[in-house]
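Hey, can you piece these two chains together into the complex? The hints should help.
Chain residues, written in single-letter form:
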Amino acid sequence: MSTPVLETENLVKVYGKGATRFDALKGLTFEIHEGESVAIVGKSGSGKSTLMHLLALLDEPTSGVVALGGEPVTALKPKKVSQLRNESFGFVFQQFFLNPNQTVLENITLPLKIAGMGKSERNRRGMEVLEQLDMADKAKNKATNLSGGQKQRACIARALVNRPAVLFADEPTGNLDTVTSEIVEDILFGLHRDHGITLVVVTHDEDLAAKCQRRLMMQDGEIVAEEHGATGVHA
Amino acid sequence: MRSVDVARTALGNTFRSKLRTALTVVAIVIGSFTLTLTSGLGAGVNKYVDTVVAGFGGSSQMFVMSTGASDAAPTDGPAEYDPEAAASSGGMFGPGSGGGVLTDSDIESIEEIDNVSAVDPMVFVSPDYLETPDGAQYAMELDVPANALGLELEAGEAPGEDGMELSIPAEWLTIFDTEDAEQVLGETVQIGISNVTGEQTAVEAEIVGVSEEALSGIGATPMPSRELNQELNDLSMEGYEGQAQNAYTMAVVDVDDLEANEQGIKDALTEQDLLGLTVEDQIGAVQGVIDAVSWVLSGFGLIALLAASFGIVNTLLMSVQERTREIGLMKAMGMSSGKVFGLFSMEAVVIGILGSIIGVVLGLGAGILGNAWLTGDGGPLGAVAGLTLFAVDPLAIAGIIALIVFIAFLAGTLPAARAAKKDPIEALRYE
Ligand SMILES: Nc1ncnc2c1ncn2[C@@H]1O[C@H](COP(=O)(O)OP(=O)(O)O)[C@@H](O)[C@H]1O
Ligand SMILES: [Mg+2]
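For the record, the sequence lines run as chains A and B.
If you use this note's numbering, the first sequence corresponds to residues 3 to 237, in order.
If you use this note's numbering, the second sequence corresponds to residues 29 to 459, in order.
Bound conformation, chain B alone (with noise of 0.2 Å):
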């Protein structure tokens, strides 16, 4: 028999007696369906974890800050009092908890370990308020421009390094009574801020941007030009009568090949109480509960499927009970054991595909479409800026499909070897 013989013959067969093989495609179908959901949920939060990666530019950089704490031994009674260490924080990349400051020689010595290229202090600064053209005042935090790179922009551009810039989050617009993000861009904002006496002066800054708020809480705040940051920087350490020495928050590390150095440079920031994470470490973590998630629900789909195949095997058994005389008659006209196995294995791969290729569909739609309608305009998760709750992955899907036919296979095997052995006397023994 031909290959496309059998696999005719078995299609025809399938359908022979629809009731059972739809109830039998069903329970495929709900296993395929989950799987699907499940992979395209996974694999859409981390697409729109990976661009919020890749908003940070790339992943040369690491985040480096103080941990502070671990120079006061236990035996040194309290600590003493330091105002740098006080730093405001926010934003994704603040100080951990506990984290101390960077100084000019920390900086220093950051720059010397191998392999870094560049270093790029930071500061946090907490201004008071910020003041529209109108003349009222807002609260703000005001985020690190460090993160311009994160920024998710309804309109405009993010901050630079130069000029008396800032952006500000979409929310904000109500402030200037508009709700048309490309009308702010332009206008130009006081923002206040005190001196270490207490004393307060107030910058000019034009903004330049409208953010949305991403997952990673960048764009919630906003968000000053480098220039604009250093100069609020250095109104609030005005009147500062100690030594005069710069304080950062923490610094950008350019590394030259991140990969291979990472470690290296860790142990190396480690050995000075200094701390370096990559973007990588502060997104893996989010990555790995969406996969650990997303692997839990598959599970569920694997259940499902197993159950499934506990179907196959109990339809295809029915069927060459049914069939006895048929697949004697076959025999006894020549056809092989192997063949005869063959055709029966094929029809369990069939109701697998028919299954898995419905389900799979129903699951693309059911995830396109609960994702158009969470993440969408007015949805409860609209306000996110790109997210995405699903994503089609062909290889996965394709994988999905795979493994169900390879366990309607192996479901069929067994009705398909009974059927291989039945003897065509017996079954064509006539009563």
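The following block holds chain A by itself, in its conformation from the complex (with noise of 0.2 Å):
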């Protein structure tokens, strides 16, 4: 099997200190290879999200290893990781986070724009990423003036446009309705079909996670259990 794009090893959590110490995460040993898709379940405060953070590069572990393409992470710079997740990750949150007063390609280009990236390319590159969303027609409009279904989708955009090799949704359809939160899992789950992107969805939607295929089931702060194949429907 090749090199696993993610993998941990004895990853520790610990939030404050003396009586307030809580461990939200205790120890956790996987790895998520290219092409996966892998979804963290497990009830609200199981430490889905800190999982998630760490993965990510946002956060740094107690202790233990986290390891991009075999590389551990944990001695580089902060500058050398903001790079790393600039280039390697896409991010899709339960929020929008869009800027109200940009256009849309002005917001999903940002991630280029932080990379320092030219306008025109930048311009060239989101619009190739909205024509695949079926988004192109709304590339000039303000990002206040689209739908919940729309918003998410210029976010998945937003998530796609540097080309990451893993993209990372937290909630991704915790605020939407169940009509948008299908097409939002058709989007996410072509890309990952089509397109062979690697995908961690973080979720308490069991619909969701039956989507994917693997589960990573999570309480406490532990890996309780792990679930392979997808059992949902994959149209």
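These aren't lab readings, by the way, just hints derived from the structure by calculation.
Honestly, I wouldn't trust all of these hints.
For lysine to aspartate or glutamate, the following DMTMM-like pairs were computed, each having C-alpha atoms within a straight-line distance of at most 25 Å [what the hints assert, rightly or not]: (1) A/K82 / B/E354; (2) A/K45 / A/D222; (3) B/K449 / A/D61; (4) A/K45 / A/E228; (5) A/K142 / B/E354; (6) A/K79 / B/D190; (7) A/K82 / B/D451; (8) A/K28 / B/D451; (9) A/K81 / B/E354; (10) A/K144 / B/D33; (11) A/K81 / A/E9; (12) B/K449 / A/E228; (13) A/K144 / B/E354.
Model, not experiment: these values are computed from the prediction.
Following this line, the structure appears as structure tokens:
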């Protein structure tokens, strides 16, 4: 088997000290391979987001190792870690965090702007992704004038625009009605299926989790079970 | 993120909450307006003073007078009356208070000082009247020919070495019933003067120039040519029966390399109870006062800027607070803390540039219009020839803008550091 895109070893995260000490993650070891779709499932407060933040290099573990493409990242300088995030990851959050004053195109090309890409190249790549998500006609709209589903599609476009190795989604459908949730799920799994994108989805939505190839069940900071095989509809 | 993108984004963000930005900018505008105006005022008046100085034909000259009184030690009792010492006064380089006269031996000893290349003794004469061709007589005081270099002319030329010539001030045109300065050129007048015995004689002189009054006071009185001055002096000394000794009010001394030798010559003069003053000595005092005033005013401008910089801190702190999520998102997407700092500093700089440029433009406008109104024809200071109250000094303007932008940048560092420290996870936590 190839080197895993992401792997962890004995990952521990402790919040607070002394009386307020809280062990959010209690030593997790697992691998995520290229092209996989993995769901991190569990009740609220079980440590899903904490785990995702560590995987996505947004936070540092109390102890343990996260390795990206076989390279441990714990020792890297903050600036290098920022650059890795910019180049390797895409993020979709429960909330949209779109800048209401900017156009959809400006919003979704933000990662490229941060990467230091020129404006015309940025816009070209942005339009490409918007077309892929059937949002090209909304490119010049202000982000405020979009429906909820369109906003989340814009967020997905923003996550994809830098052609990431891994797409992280934290409760991507948490804020959407059932119909739009379906659409967004279809998009995410379509990308996974057609473009081989590695997908890491944090959710407590059983339906969404069921569509992933692998499910890590979390409870109180530990992975209590692991399921394989997409059980959901794979249209 | 590219620098252009940082700048462009910062510019866009600045205009996001327009009212808040506008209010912050106004505070900076006030400071920059004040600084522009005061520095322009200082530059304008100093420029005027400089042209007056330049009018004196360069700075290689020194004006030497007698300090006089120092001969008389306190125990000597009252000093003996000396009719020669009763020389007239007038003009900018008249003898100082208590000043005596220069004698031929003084002139000789000045000539012997090292680095003195030429000595030109001067006398003040006090004619009784000036008579126009139609017979009307007017009381007059004459300036000394040495001041001719500082003359601001409205028409004609300054009275020269030779020829019985003089210039008259523009105010005197009324005695010829004209307003056109050109018309009086070539007119001849009689100048009457009394000699030692009280007998009056008159000499004829031609008007060759019409002067305006300069800030130095030169040009406010008629000025004779050297020949006319000498002739009048000779007439006034007629009948004097004591030892015929020439007495001069002062001497104009040409110095080789004034800058290097100024102090040496002054010391040598002091030893002989003489006082040497350069043009700069006399005008430098004026400039010093102007500089002091413009510095005090600039101080107020700086205080305004200090207040304005707190406005920047406040505005940007609010902005950082409001945009916590946006900052978190940018950092999650891989924007380094350094770039976030750069972005917010840049917003402070944009505010600084905006405020300083608006303030400078307004200040220049007010200064130029105010100067035109005050010193223009019919303005309150219109009568002073060549007066400028406001000058545009590009270097000073650039300095003001640079200073304000720097202050804005400093003010922006606190909010920018706070933005750079934001933790993306904290910022993106949703409730
Ligand atoms: N910064 C923090 N400080 C203290 N406790 C935290 C912090 N972040 C998360 N926690 C705690 O860690 C636990 C796991 O949180 P989280 O990973 O957000 O859970 P989930 O995403 O599964 O709902 C929760 O009990 C939460 O209160
Ligand atoms: Mg969570």
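Status of each hint after checking the structure:
{"no.": "1", "hint": "A/K82 / B/E354", "in the structure": "holds (21 Å)"}
{"no.": "2", "hint": "A/K45 / A/D222", "in the structure": "holds (9 Å)"}
{"no.": "3", "hint": "B/K449 / A/D61", "in the structure": "holds (14 Å)"}
{"no.": "4", "hint": "A/K45 / A/E228", "in the structure": "holds (15 Å)"}
{"no.": "5", "hint": "A/K142 / B/E354", "in the structure": "holds (20 Å)"}
{"no.": "6", "hint": "A/K79 / B/D190", "in the structure": "violated (87 Å)"}
{"no.": "7", "hint": "A/K82 / B/D451", "in the structure": "holds (16 Å)"}
{"no.": "8", "hint": "A/K28 / B/D451", "in the structure": "holds (23 Å)"}
{"no.": "9", "hint": "A/K81 / B/E354", "in the structure": "holds (19 Å)"}
{"no.": "10", "hint": "A/K144 / B/D33", "in the structure": "holds (20 Å)"}
{"no.": "11", "hint": "A/K81 / A/E9", "in the structure": "holds (21 Å)"}
{"no.": "12", "hint": "B/K449 / A/E228", "in the structure": "violated (37 Å)"}
{"no.": "13", "hint": "A/K144 / B/E354", "in the structure": "holds (16 Å)"}
Figure legend: structure checked against the earlier numbered hints; hints not met, in rising order: 6, 12.
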